[in-house]
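*Asks:* Given the sequences, and given the hints that come with them, work out the whole structure.
Taken in sequence, the protein lines are chains A and B. In terms of the numbering used here, the first sequence opens at residue 1 and continues consecutively. In terms of the numbering used here, the second sequence opens at residue 1 and continues consecutively.
Since the hints were derived computationally from the structure, they do not count as laboratory data. This structure is a prediction, so every number in the text was calculated from the model and none was measured. Note that the Cβ used here is the ideal one computed from N, Cα and C, for glycine as well. Nothing false has been slipped in among the hints.
Listed below are the simulated DSS-like cross-link pairs for lysine-lysine, each with C-alpha atoms no more than 30 Å apart in a straight line:
id, chain 1, residue 1, chain 2, residue 2
1, A, Lys313, B, Lys369
2, B, Lys258, A, Lys313
3, B, Lys199, A, Lys313
4, B, Lys281, B, Lys199
Now the stretches of chain A that chain B is said to cover, found in silico as 3 or more residues with beta-carbon under 8 Å:
id, region
5, 204-210
6, 258-270
7, 532-544
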Amino acid sequence: MSTDSRIDTSKVATSNGTTAATASKPGPAGSLASWADDRLGLATAMKKNLRKVFPDHWSFMLGEIALWSFVVLLLTGVFLTLWFNPSMGHITYEGSYDQLRGVGMSESMASTLNISFDVRGGLLMRQMHHWAAMIFIASMMVHLLRVAFTGAYRKPRELNWVIGCLLLLLGTLEGFTGYSLPDDLLSGTGVRAADGFLKATPVAGSYMSFLLFGGEFPGESIIPRLYIIHVLLIPGILLALIAAHMLLLVYHKHTQWPGPGRTEQNVVGFPMLPVYAAKAGGFFFMVFGIIAIMGGLLSINPVWKYGPYDPTKVTAGSQPDWYMGWPDGLLRLVPTGWESVIFGYTISWNVMLPILIVPPMMLVILMLLPFIEGWITGDKRDHHLLQRPRNAPTRTAVMVSLMTFYGLAWAAGGNDIIAIKLDLSINQITYFIRVAIFLGPALAFWITRRWCISLQRHDNEKLLHGYETGVITRSPEGQYAERHLPINETSAYTLTARDRDEVYTVGSDTDASGVAAPNSRSEKLRARLSSWMYSHNVQKPTRAELEEARHHAEHEAELQSGLDHPVDGHQFDDHRLRDTDDVPLRDH
Amino acid sequence: MSNDNSSTPEHPVNAPDGTPVPYETHVPTHRETEPIADPGLPPHTWRPTDVDPKAEKRAERQIAAMFIAAMISAILFVVAYFTFEVGDNWDTFAGMGASTVALGLTLGVSLLLIGTGIIHLARKLMADHEMVEMRHPAASPQEDRDATVQALNDGLAEAGIGRRPLVRNTMIGAVGVLGLPAVVLLRDLAPGNALDISKLGHTIWDPGMRLVRDVVGTPILASEVEVGDLINGTAEAMFPTEENGYPELHGAEEQAEKAKAAIIVVRMDPDDITPLEGREKWTVDGIICYSKICTHVGCPISLYERTTHHVLCPCHQSTFDLADHARVVFGPAARPLPQLPLAVDDEGYLVAQSDFTEPIGASFWEREKL
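*Replies:* Following this line, the structure appears as structure tokens:
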């Protein structure tokens, strides 16, 4: 039933061609392909890839959102460049917006207002561009979490994980350089803070600031420089890395969830042509459409309300875009006075630590996760089947722990907003998060791990004792019991389709003659970490345990049903029916 | 793209009797201990559109309707483009311009309908049988790896670089030194004395220079400042006139001086002030003046609470006590705001006794040296 030859396609709708362009009947598509292949020789590469199989799951769509919102960013961005003037030359605004007419501002601010008020569709494109940027970064983050929680970053996909992390970093920088361009009061405040970060760099900081700004802050160079970084340098690298990301995806073939017929050796799903091409292409239009509606209905970054940048002014509640919120929060958490003067030179720990040290460190930790895990487990196998988060309790707990750190830092970045909206003391919020940022991740780790292990136990319960029917029976003796019935074979197989965890032990890496590996200290550390990582996990039942449980259950069912021969319990539900071939067109 | 291992069968995942086909060596091999055998792919089920011509026709009509509605919406976009004015009526609809709302909705609806139409087509009418493709190790076959390593070694041996350390080392050196021009070329990002970081050490303030209000540039009479007032000010030199004789500033220089000259002036009960040693004479009847630029990362501070004399930076909430030499009472800043020593001139206007006695704004490496 799994092979093409066994599928009767005669019932497939006549409107759809299942036998497109074959050699025997070239047709127009075939003729064009032949013409192209005579010159480009693509047929060999296309032979397999045109019908390449992609597995289906809703979570595989998250990265696609990132890809399509990037395309929207390119399209709307090109539109904006046609009017935007990245110059800090000082002019007097004379456009349509009343409240700022006659006010002096930079040409970049004036051209931003021009796009917003005097170009039809300009404000729509600006808002679409900004919303698309938000969605781009948000979907990259959620995609990253999906990949991490399901163990998709394991061998052979570690390098694609690293590329993904770099994409997130570049996306963030692209966002910062982009929202700095209008030269409004809010973005200018962000640029001034960035100048402060640069100046906090030891030894070269002051010079780095002067070189970037073309002299003393604010200078007249920063906007044109950020512009070329924003429209050429970073997008170029982003495009190259996205291409590499996609090529590796195609080369490795997509991971899939385990299930009947879905193994480490195969990939089961729909072919690229036509189903995935249509679904992915259609999805592009949907992402584009939703961004267009957001751009039309939801105001974002109304720079005209902030006014032009003035280095002596600031608005209350100044916030960076949300994805820059967590380093900003770390900055706010530093206690008063963390600065030292050594040999007459100033070291600003209060800026270095939360901006120049911790965020890059977090990025490095993120990139190293698959390598650290691979080293601890000593697992050199390829993995193409995804793991449920519960089946890797330590990994899941580490990710939740990192998310908790991120979330608390992010909350600290909005401590003023939280204080105003919830009528709390900003000082107390800050004191609380200063402690919570250390305790929270530890607590989150512990809770998540125990939670995962409990869920693993629950899975084993279902395998061994079946599911809870909610049917309460009363025995002749007056004893009450809830009836458990076996889960169906598909679910049972899917629950057991995972590897047993093997705790790494020292000596398991000995060579043929039994000589221990030379670096035994690191081996011991590795064994300890492996034990820490795996020893609490619940392993799936063995075949013998399952058999025994089934005999027990059949005996129970026999007693309960009043029959005189063993029964499997499925006379109480329709699960047996569900596994048979003779029930066509079931809709559940 | 994929590893072309043509000996592997393309489709079968399981033998007809449901037992798994032999596994390759690079993947987990303890299947024999699996508690439940792989039951194999479930049977394909037909959709209503596959077996019911009516359902099929209905799906066709639905999809075509979506595409036609998308066309209409796109045409409405064009109509909206030429109908709705932009410009001064930018907030006619829910705080947004009618043009922006109409263009966004028509464009979005058109795109969404095309998207849902295509996806509906894929789900209802395109063949929906799942296919199976075999995976291959990411690594190349061993003979290819051996051949590549051989080619690499042959190439390196023929180049002879390894045998000629003099050539190798000087070549590496030459390319390495080429980094110098690349770095030096960036020197003129801040050309000439634009790179003079000693500018961070002083501002435009001079002895006797008047304090003025920052927007209008009018000087501040000491007698007009009430207790509890906070005035955002700057140096008179930022408003050059023929009378005051200060030179005109332009462009980058003006912006840089403006950024450093910003001050806040407050008046409080003189008894509330606890002056730092040596600063007893820096105030005028409870009028005290500080740099407006936060010592954390350089945001202008703005929120003043007159009862506590605290001023708060809205960027990262550093809080300074203006009565106590702008000591940091909360938040990440490490240093007090620099204080501008004040005096009064013959006409009763507030003037600076001198420039700030330390660099204003964010900390930097050479700060103590300037």
